[in-house]
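In the order they appear, the protein sequences are chains R and E. Under this note's numbering, think of the first position of the first sequence as 1, with each following residue one higher. Under this note's numbering, think of the first position of the second sequence as 1, with each following residue one higher.
Since the hints were derived computationally from the structure, they do not count as laboratory data. Warning: the hint list may mix true and false statements.
[To be verified] Label pairs and their in silico Cβ distance ranges:
hint, chain 1, residue 1, chain 2, residue 2, range
1, E, R36, R, H96, 34 to 42 Å
2, E, L147, R, G208, 53 to 61 Å
3, R, A35, E, A53, 38 to 46 Å
4, E, R36, R, A75, 48 to 56 Å
Computed from a prediction, not measured in an experiment: that's the story for all the values here. All C-beta atoms in this analysis are idealised placements derived from N, C-alpha and C, irrespective of residue type, glycine included.
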Amino acid sequence: LKDMSGPQACLRASEPTTTRPGPSLLVRARAGDAAAREELARTSGEAAFRLALQLVGDRELARDVAQDSVMRLFAALHRVDPERPLQPWLFSIVRHRVIDLRRRAQSRSERPLESASGAGSADEALARDLPDESPGPLERSERGELQRLMWSCLGRLDSAHREILVLRDYQDLSYREIAEVLAVPLGTVMSRLHAARRRLREEVLATGYRFGGGS
Amino acid sequence: MTGSFHDPGTVTPFPEELLSGYLDGALTQQEEQRVRLHLERSPEARAMLEELAALRQAARSTPFTPIEDRQWSEQPRTRATAIALWLGTGLLALCGLGIVVLVVWQATHAPSGTEMQRGLIWWAAGLWASGLGGALLVFLSVLGDRLSDRRHDRYRRVLK
Numbered sequence: 001l002k003d004m005s006g007p008q009a010c011l012r013a014s015e016p017t018t019t020r021p022g023p024s025l026l027v028r029a030r031a032g033d034a035a036a037r038e039e040l041a042r043t044s045g046e047a048a049f050r051l052a053l054q055l056v057g058d059r060e061l062a063r064d065v066a067q068d069s070v071m072r073l074f075a076a077l078h079r080v081d082p083e084r085p086l087q088p089w090l091f092s093i094v095r096h097r098v099i100d101l102r103r104r105a106q107s108r109s110e111r112p113l114e115s116a117s118g119a120g121s122a123d124e125a126l127a128r129d130l131p132d133e134s135p136g137p138l139e140r141s142e143r144g145e146l147q148r149l150m151w152s153c154l155g156r157l158d159s160a161h162r163e164i165l166v167l168r169d170y171q172d173l174s175y176r177e178i179a180e181v182l183a184v185p186l187g188t189v190m191s192r193l194h195a196a197r198r199r200l201r202e203e204v205l206a207t208g209y210r211f212g213g214g215s
Numbered sequence: 001m002t003g004s005f006h007d008p009g010t011v012t013p014f015p016e017e018l019l020s021g022y023l024d025g026a027l028t029q030q031e032e033q034r035v036r037l038h039l040e041r042s043p044e045a046r047a048m049l050e051e052l053a054a055l056r057q058a059a060r061s062t063p064f065t066p067i068e069d070r071q072w073s074e075q076p077r078t079r080a081t082a083i084a085l086w087l088g089t090g091l092l093a094l095c096g097l098g099i100v101v102l103v104v105w106q107a108t109h110a111p112s113g114t115e116m117q118r119g120l121i122w123w124a125a126g127l128w129a130s131g132l133g134g135a136l137l138v139f140l141s142v143l144g145d146r147l148s149d150r151r152h153d154r155y156r157r158v159l160k
């Protein structure tokens with residue numbers, strides 16, 4: 001296991017793993033404060049990377065998407081309303097970059113992006129050795145198994161299902177924020193999310209996993 | 001989406017997506033009440049809700065390997081360096097386009113006469129100016145960022 005005394009130890013597995021840049025940081029960054037710009041680049045970069053990784057399943061691609069998204073965010077910083085949360089804006093940029101990548105991959109007849117997130121890349125993407133607050137080792141290992149299964153099943157969902165699941169269950173966005181990122185009516189969010197959860201459940205069950213008892 | 005469940009004792013189909021809304025706390029009081037009643041009567045719906053809750057909990061607690069901190073060191077730090085970078089890149093692109101146009105033009109029209117020669121000289125001068133200007137702006141942008149990095153380096157004092 002990795003040494004957990006470093007900065008990684010700050011990430012608690014049971015907490016939502018997103019960092020949300022606050023409005024004051026945005027105002028200072030827009031005013032040209034170098035330290036604020038650096039902090040904004042770091043926090044938004046981490047959030048963009050995490051979302052891109054969850055959408056494309058490949059660290060290298062996710063890094064490119066995140067870097068490009070942060071550049072675009074900074075280029076349009078003067079248009080961002082500091083009164084509104086920055087995250088939906090940033091996530092819209094990331095989502096559009098991922099859609100561009102998908103289109104490019106399709107036009108080159110490459111393998112679909114989603115196939116990159118198969119079980120082979122799970123060890124690289126998921127940080128197994130971060131602390132988990134589950135009560136006992138058995139529960140921890142069961143949850144870890146389900147997390148790994150879900151990650152590989154997520155790659156088999158279509159992009160619309162995958163992105164809504166990621167935004168709600170992995171990124172912890174509200175329905176309103178999801179509607180903003182996906183540019184869909186609020187009423188569509190619940191039905192699409194439920195359809196996505198159903199599909200994921202079917203995929204997980206198809207692997208032989210049994211809820212409450214593992215595989 | 002309307003699911004396969006029915007409110008027991010009625011012919012009204014139960015809108016299954018309400019289970020997800022219930023799980024996320026996104027329903028009105030009336031809808032919540034409807035889901036609670038449905039859950040009391042339908043073991044299938046209870047099982048489905050428990051499984052969806054397990055999936056949601058597993059997703060929420062999935063830890064991902066974070067990206068390296070140094071990843072963002074190539075950010076343009078100020079508006080001036082960002083503008084210089086965009087302008088420089090634009091000029092370099094313009095220069096590239098100019099070269100392509102020149103090559104195509106020369107291939108299709110053999111230059112002859114003083115007017116043509118003079119036009120070519122101006123064209124070449126424009127290409128040189130935009131190429132050099134673009135490269136200079138990109139260089140100044142990177143230099144500006146590097147100097148800014150040195151001023152704002154968090155570890156500068158530690159290293160002294």
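Hint by hint, here is what the structure shows:
At roughly 40 Å, the beta carbons of R36(E) and H96(R) sit within the given window of 34 to 42 Å. At about 59 Å, the beta-carbon gap between L147(E) and G208(R) stays in the expected band of 53 to 61 Å. Taken as a hint, the range 38 to 46 Å holds for the pair A35(R) and A53(E), whose Cβ atoms sit roughly 42 Å apart. In this structure, R36(E) and A75(R) meet the distance hint of 48 to 56 Å, their C-beta atoms being roughly 49 Å apart.
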